[in-house]
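Asker: Let's have the full structure, built from the sequences with the hints guiding it.
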Amino acid sequence: MTTATLTAGLERIPDQLGYLVISEDGVLASAGELENDELTAGVMMQMVRTACRFRLPGAAEPPFKRMSVILEDFVYTVTVSGQKVFVVKRQNNQQEPISV
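In the numbering used here, the protein residues as written are 1 to 100.
In case anyone wonders, no lab produced these hints; they're calculated from the structure.
In this text, a Cβ means the ideal position worked out from N, Cα and C, and glycines have one as well.
Among the clues, some could well be false.
Stated by the list, open to error - The calculated label-pair distances, taken between Cβ atoms and stated as ranges, are:
1) G42 - N92: 16 to 24 angstroms
2) Q94 - E24: 28 to 36 angstroms
3) A51 - L17: 20 to 28 angstroms
4) Q91 - R66: 14 to 22 angstroms
5) L56 - E35: 33 to 41 angstroms
6) G9 - N36: 14 to 22 angstroms
7) L56 - A8: 29 to 37 angstroms
8) A8 - R66: 17 to 25 angstroms
9) P14 - N36: 21 to 29 angstroms
10) S81 - F54: 27 to 35 angstroms
11) E35 - L71: 30 to 38 angstroms
12) S68 - R12: 28 to 36 angstroms
13) D25 - V69: 18 to 26 angstroms
Answerer: Here is the structure:
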């Protein structure tokens, strides 16, 4: 699979600031604010490995397909597909709740 095939959909995500495509062997592709960001890639892979340990008894499916890491200014959306982990960094445009 070519790099262009891996990243075609990621580049069209609105408001994305950067992305990583990671496998067990390391970073396969990166761009934007996450370009060559091995540290973030390592942290995200460790989070995925930890979350995968929470498999329900008897469940054939992985325990999750998507995980969001919400920080004050940014949101990292992590999607697991096959043997690859896709990480997209977006601006956190969370609206404050309206109090009545």
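Asker: Decide, hint by hint, whether the structure agrees.
Answerer: Hints, verified against the model:
Under the hint 16 to 24 angstroms, the C-beta atoms of G42 and N92, about 22 angstroms apart, fit the expected range. Taken as a hint, the range 28 to 36 angstroms holds for the pair Q94 and E24, whose Cβ atoms sit roughly 33 angstroms apart. As the Cβ distance of A51 to L17 is approximately 23 angstroms, the hint placing it in 20 to 28 angstroms holds. Take Q91 and R66: their Cβ atoms lie about 18 angstroms apart, and the range 14 to 22 angstroms holds.
The hinted window of 33 to 41 angstroms between L56 and E35 holds, with their beta carbons roughly 37 angstroms apart. Checked against the hint of 14 to 22 angstroms, the C-beta distance between G9 and N36 comes to roughly 21 angstroms, which is consistent with it. Distance hint check for L56 and A8: the Cβ-Cβ separation is about 33 angstroms, which falls inside the suggested range of 29 to 37 angstroms. Hint check: A8 to R66, Cβ distance near 19 angstroms, so the stated range 17 to 25 angstroms holds.
One distance hint, 21 to 29 angstroms for the beta-carbon pair P14 and N36, holds here, with the actual separation near 24 angstroms. A beta carbon spacing of about 19 angstroms between S81 and F54 contradicts the range 27 to 35 angstroms that was offered as a hint. A C-beta distance of roughly 19 angstroms is found between E35 and L71, which places it outside the suggested range of 30 to 38 angstroms. Under the hint 28 to 36 angstroms, the C-beta atoms of S68 and R12, about 19 angstroms apart, miss the expected range.
Look at D25 against V69: about 23 angstroms separates their beta carbons, and that is inside 18 to 26 angstroms.
The structure is inconsistent with the numbered hints 10, 11 and 12, although it conforms to all the rest.
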